[in-house]
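Just need the whole structure built from these sequences, with the hints factored in.
Top line first, the protein sequences correspond to chains E and Z. Counted the way the numbering used here counts, the first sequence spans residues 183 to 458. Counted the way the numbering used here counts, the second sequence spans residues 803 to 1086.
Derived from the structure by calculation, the hints contain no laboratory data. Treat the numbers as computed from the prediction; the structure is a model and nothing was measured.
Once the Cα atoms are required to be at most 30 Å apart in a straight line, the calculated DSSO-like pairs of lysine-lysine come out as:
| no. | chain 1 | residue 1 | chain 2 | residue 2 |
| --- | --- | --- | --- | --- |
| 1 | E | K275 | Z | K1071 |
| 2 | E | K317 | Z | K850 |
| 3 | Z | K976 | Z | K1071 |
| 4 | Z | K901 | Z | K1002 |
| 5 | Z | K869 | Z | K943 |
| 6 | Z | K1002 | E | K275 |
| 7 | E | K187 | Z | K976 |
To give a feel for the contact side, a few chain Z residues facing chain E, derived at Cβ under 7 Å:
| no. | residue |
| --- | --- |
| 8 | L824 |
| 9 | V917 |
| 10 | Y923 |
Here a beta-carbon is modelled for each residue, glycine too, at the ideal position from N, C-alpha and C.
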Amino acid sequence: MPQFKAHSVLPGFNLALGYTLLYLSLIVLIPLSALFFKTATLGWGGFYDLATGDRVLASLRVTFLTSFAAALLNAFFGLMVAWVLVRYRFPGKRIVDALVDLPFALPTAVAGITLAALYAPNGWIGQYFAAHDVKVAYTPLGIVVALTFIGLPFVVRTVQPVLADVEAEVEEAAASLGAGRWDVFRRVIFPAVYPALLTGFALAFARAIGEYGSVIFIAGNMPYISEIAPLLIVAKLEQYDYAGATAIAVLMLLISFALLFAINGLQWWSSRRGAK
Amino acid sequence: MPQVSLTRRISTHESQSVTLLLIAVALSYLVLFLGLPLYAVFYQALSKGWKLYWEALKEPDALSAIKLTLLTAAIAVPANLVFGVAAAWAIAKFEFKGKSALITLIDLPFAVSPVVSGLIYVLLFGAQGWFGPWLQAHDIKLIFAVPGIVLATIFVTFPFIARELIPLMQAQGKEEEEAAISLGASGWQTFWRVTLPNIKWGLLYGVILCNARAMGEFGAVSVVSGHIRGMTNTMPLHVEILYNEYNFVAAFSVASLLALLALVTLVIKSLVEWRAKSNGNPLH
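As structure tokens, then:
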């Protein structure tokens, strides 16, 4: 019979694993399974009707488009920030580096009300957009702003270590063979950081899909226009429509799991390329 | 001289102007999205002077929100700390089947939207939930009450400490513990005197991040709280209520405390990273 556990002289395996499994089941697995059991009571037809209603689909479209735009913005500027932090020296660099993690540490509600105040038509930044008749806060554009803030650290933090590991010799070799600086970036550096960049993009995207706190203050929350899927779940709950809330939640959960799966694949790909 | 012309031709650095341009654009991006919002929180909080700022914080509902937030973190962080150490001990020090599946399951809460994290507890313990009728018959209130807030907070902060400790303890191996045991130390002695000193910086790092999220969580807590002023309002929820009442100075005053917490978190985090690195045990 194949053994479940390899022999070890260290004690405490049963206690540690037992407690881990018990706590994991009580806090995570059983509550999450409640969601699927509740969905099962709806029946396939019921679930399909609830999950494909006009307002649900519109909220999913808003969620996906704004999350994608924010992740794309972060991929571009995040790569640039990582580049600057890894390659250049300038005063205050360590403080800037530490500040990149601010969105991880700042509560989302604080970010939400602050960004709403900044980008409102009379806000510090919003007034310049208002002068050109562009509304940022209370439109989908405002959602992109909030999601960009939330996702900012992901690309920087995934690209930074990979960029630091690109060997100077390879760059020198390419340059000595006559490649210009832009060619070296395009043909040598970018291919090396590409998997990490994609991973960071996917992490920022996944985080943005589920985000709630920072968005609701700046979004305006107009059904069909600037209403995100997590907000629709809350709206349904407030009307005691548990079935409707559950259907959207399951849909979002499945999307998150698919993204998690893709991110794991990307990380595996990225580490394999690093090992070569 | 050939040497000179060679080094001139193979430049592996950008020209000065490109360098300056990249730094300028990157810093502008960070100022626009990080620096300015951070400054704005404190500016708005103090826009009507210190007197109104203090009054907003001294107000009973604000104080009760601060207390509830501290209480929630005081339960959620130790709970996840004990779990994180147990999980890391089992995963890092032993070989068993299904280990990678277990690690994936521990990370699961990170993939769940905060709103969904709250919803699952409503489905379990709410009036119409699985245990709803039983809880009602025994007059126990979990949802729209403090226990629900604590549970939802534990869920969203579940992986923080475990995912910090697992790779750290895996990298450290188990030779030191095996040596201690073979020299006659008991399991607990080995843990307290050998393992714990080795993982203390990683532990602190996880605790700091877990605490920041526990105190700042909004979506999950919002779903289970019921928003009863002075009763089930945490600081982030109190910020929302004040903001929706157009009481901006008070909203930003409470928000400024949370922003301060974020700054303290970043400072301690940087110190721990620096400390771990200078000890030769980088955390990542």
